[in-house]
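> Using the sequences and the hints, build the whole thing.
Listed in order, the protein sequences are those of chains H and D.
Counting from 0, one number per residue, gives the positions in the first sequence under numbering that gives the first Met the number 0.
Counting from 0, one number per residue, gives the positions in the second sequence under numbering that gives the first Met the number 0.
Everything labelled a hint here was simulated from the structure, so no lab data went into it.
Given the structure is predicted, the values throughout are model-derived calculations rather than measurements.
Where is the CB? At the ideal position from N, CA and C, for every residue including glycine.
Hints are supplied without guarantee of correctness; some may be wrong.
Claimed, not checked - Reference listing, derived: stretches of chain H covered by chain D, where coverage requires no fewer than 3 residues with Cβ under 8 Å from a Cβ of chain D:
#1 65-77
#2 245-257
#3 303-314
#4 332-346
To be verified - Pulled a few chain H residues facing chain D out of the computed Cβ check, cut under 7 Å:
#5 T6
#6 N104
#7 P222
#8 L223
#9 F224
#10 E266
#11 G267
#12 N326
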Amino acid sequence: MTGFVRTEDAPTLPAPADLTGPWAAVRKRLFPTPISSVAGILIAALVFWVVWNLIDWAVIRAVWSAPDRELCNAPGAGACWPFAFAKFHQWMYGFFPMEERWRVNVVYILGVLSMAALLIPSVPGKPWSALFFFVVYPIITFVLFVGGMFGLPFVETTQWGGLMVTLVLSVTSMVVSVPLGILLALGRRSTMPIVSLLSTIFIEVVRGVPLVLVLFMAANMFPLFMPPGVNPDKLLIAIVGMALFASAYMAEIIRGGLQAIPKGQYEGAQAVGLSYWKMMGLIIMPQVIKIVIPSIVNHFISLFKDTSLVTVVGILDLLGMVQTGFNDAKWASAQTGNTGYFVLASIYWMFCFGMSRYSQFIERKLATGTKR
Amino acid sequence: MKTFKTLALASVFGLAAAATASAATLDDVKAKGFVQCGVSQGLIGFSNPDDQNNWTGLDVDFCKAVAAAVFGDATKVKFSPLNAKERFTALQSGSIDVLSRNSTWTMSRDTTLGLSFAGVTYYDGQGFMVPTKLGVKSATELNGASVCTQTGTTTELNLADYFKANKMEYKIVAFEKNEEVLKAYQEGRCDVFTTDQSGLYAEVLKFPNPADHMVLPEIISKEPLGPVVRQGDAQWFNIVKWTYYALLNAEELGVTQANVEEMKGSANPEIQRLLGVNVKNPDGTDADNDFGKGIGLGPDWVVNIVKGVGNYGEVFERNLAQLKIARGKNALWNQGGLQYAPPIR
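Structural data, given as structure tokens:
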């Protein structure tokens with residue numbers, strides 16, 4: 000009786016049938032246990048139901064062409080697309096004169112091109128792109144939007160509206176808030192008492208009041224302090240208000256990043272003899288910005304959506320413009336509002352999703368020190 | 000110190016200059032070449048931009064009429080869409096010349112805000128809407144009804160007063176927001192929906208089945224809506240007030256946008272005075288037909304108004320007939336309504 004000693008490897012059997020093949024992955028991921036199977040099926044059914052209803056409303060039952068509200072108001076009608084087609088130009092440009100709209104388009108196209116040059120890493124000439132985007136582009140935008148020079152007719156800001164106003168407000172506040180926020184954050188952490196005190200007071204006061212209140216005060220109270228006959232531009236006041244508001248929040252985001260940098264980094268920079276601004280610019284800020292990118296983008300996204308608050312002071316931004324359209328007797332119907340809000344949501348979502356994806360891309364690119 | 004003095008002096012003179020400037024709104028308006036008019040951001044039938052960016056509506060047409068009176072051109076007007084909360088501040092601070100934004104004329108607004116209401120371009124009031132299948136024809140038949148309304152508004156108080164005064168029972172179904180009230184009414188959670196009558200007509204357009212609902216004829220509260228100007232400029236106040244009266248007188252005398260030129264040759268002395276024709280008698284003496292003089296305008300100011308926007312009836316028809324709003328209280332005084340204008344003479 001000798002023991003069994005295996006002298007050769009056991010034959011390699013194929014994996015059990017229920018662990019291979021396309022179904023195995025499905026089973027493992029979607030139906031691992033009875034409870035999660037049921038939950039999965041219910042959720043899938045819910046998603047299917049929602050999507051199906053949406054398609055039913057937006058495509059199958061939708062009204063695609065109509066001269067006015069009558070067809071849209073028929074019982075069982077879905078989305079009222081003719082309303083969106085008729086009003087779409089207002090949603091994009093507001094009341095900007097029809098024959099001057101090429102100016103807005105030029106600004107949009109230049110904006111997309113220069114942003115692409117600035118944001119896509121493989122495009123060369125970054126310093127020039129930055130110079131163009133942060134210095135030349137705002138000037139071009141101002142000239143084209145306002146007019147009144149170089150033979151362009153003057154267009155009042157009361158005629159601006161829709162997406163144009165939303166972008167002017169949000170892009171200006173974003174671009175202003177970063178440098179101002181960095182200065183305020185450095186000011187707040189400064190050892191100079193007056194600088195530190197003033198920065199702290201500014202941040203705490205602005206952060207301590209709601210944005211709506213800032214807008215109300217800017218639009219309604221500010222003109223009362225002015226001598227009669229002096230009417231500061233409402234949109235300009237709103238832009239300044241939003242930019243200052245955004246800067247206060249940005250300052251706190253940056254300060255959070257500054258606190259995450261170990262003291263050794265500061266000391267190391269000082270040990271090699273760098274001045275304060277060189278230390279900040281070359282050693283500290285590059286690390287801070289990397290850390291706070293998710294927070295900054297989070298802030299930008301909420302800022303982009305917060306611009307809709309300007310409707311309370313009578314500026315017709317994208318949301319305000321769409322809502323104004325609901326009250327056109329030519330189009331008012333049961334589905335008008337739904338259609339408008341659907342388009343509105345899609346536009347906001349596209350912008351915010353774009354920002355979110357770009358920030359994730361940059362985070363991956365910059366995560367050199369912590370990548371596994 | 001010297002700089003400070005200069006600044007102080009400059010601001011004092013600046014204020015003084017601005018104060019005199021705002022006292023003569025007509026001169027200001029003529030100098031800048033247009034009337035700046037505050038309107039609603041969007042209210043069916045009263046002020047709303049159409050597909051081509053043109054503002055339309057009753058409130059908007061009134062501003063056009065003022066522009067026509069001043070400039071002889073109804074297009075010389077710019078519109079500032081205003082929020083309800085900022086409308087009076089905008090007028091006080093001078094960023095607009097006239098506020099025509101469905102504002103209710105109340106004593107407190109008229110007396111404490113430094114503003115003056117120039118007239119009532121639309122008599123609104125709280126009304127009731129019921130489903131047609133209920134078979135109710137008058138608000139007096141609403142005993143025992145459940146009523147949907149907004150909380151914390153005068154609407155709720157008016158409702159209580161009306162039912163109490165008529166010794167009727169009712170059940171209130173109140174919500175915070177107008178959308179919720181509408182939804183509840185459409186879902187049948189109450190029999191009656193109540194808000195301002197012009198609002199009822201506007202909301203029914205957005206119902207999936209407008210024909211199944213009807214607005215009852217009764218109005219249970221007073222909401223006189225009209226244009227507002229700053230106090231202290233009698234001339235501008237008169238221009239706005241008489242623009243409104245001119246619209247009414249033109250309707251009363253049958254002067255329309257189409258026949259105004261023809262009417263200039265009318266033998267009716269009332270029409271002659273209205274249209275400012277035959278200013279001189281054949282023998283060269285003054286015939287006292289130039290009434291524009293009294294408000295700093297030319298003799299043909301009414302001709303310009305009617306050419307620009309038509310008479311009151313035409314304005315009403317153009318903007319509110321599409322909402323199926325009847326003239327009701329807004330008919331002329333001699334047709335059973337409240338619209339009454341002092342004569343031009």
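> Each hint needs a verdict: does it hold in this structure or not?
Hint check:
Taking a C-beta to C-beta cut-off of 8 Å, the region 65-77 of chain H contributes 3 residues in contact with chain D, enough for the three needed, and the coverage statement holds. For the region 245-257 of chain H, the stated coverage by chain D is violated: 0 residues have a C-beta nearer than 8 Å to a C-beta of that chain, whereas at least 3 were required. As drawn, the region 303-314 of chain H meets chain D at 4 residues by the rule of a beta-carbon pair under 8 Å; at three or more, the given contact holds. With a threshold of 8 Å between beta carbons, the proposed coverage of the region 332-346 of chain H by chain D holds, since 4 of its residues qualify and at least three are required.
Contact between H:T6 and chain D, as hinted, is not supported at the beta carbon level, the nearest pair being about 81 Å apart and thus beyond 7 Å. Here the hint on H:N104 is broken, as its CB sits about 17 Å from the closest CB of chain D, past 7 Å. Checking H:P222 against chain D: minimum C-beta separation of about 4 Å stays under 7 Å; hint holds. The criterion of a C-beta within 7 Å of any C-beta in chain D is met by H:L223, whose closest approach is roughly 6 Å, and the hint holds.
Contact between H:F224 and chain D, as hinted, is not supported at the beta carbon level, the nearest pair being about 9 Å apart and thus beyond 7 Å. Among the interface hints, the one on H:E266 is violated; its C-beta lies about 47 Å from the nearest C-beta in chain D, farther than the 7 Å criterion. Contact between H:G267 and chain D, as hinted, is not supported at the beta carbon level, the nearest pair being about 49 Å apart and thus beyond 7 Å. Evaluation of the H:N326 hint against chain D yields a held restraint, the C-beta minimum of about 4 Å falling below 7 Å.
Violation of the numbered hints given earlier is confined to hints 2, 5, 6, 9, 10 and 11; the remaining hints are satisfied by the structure.
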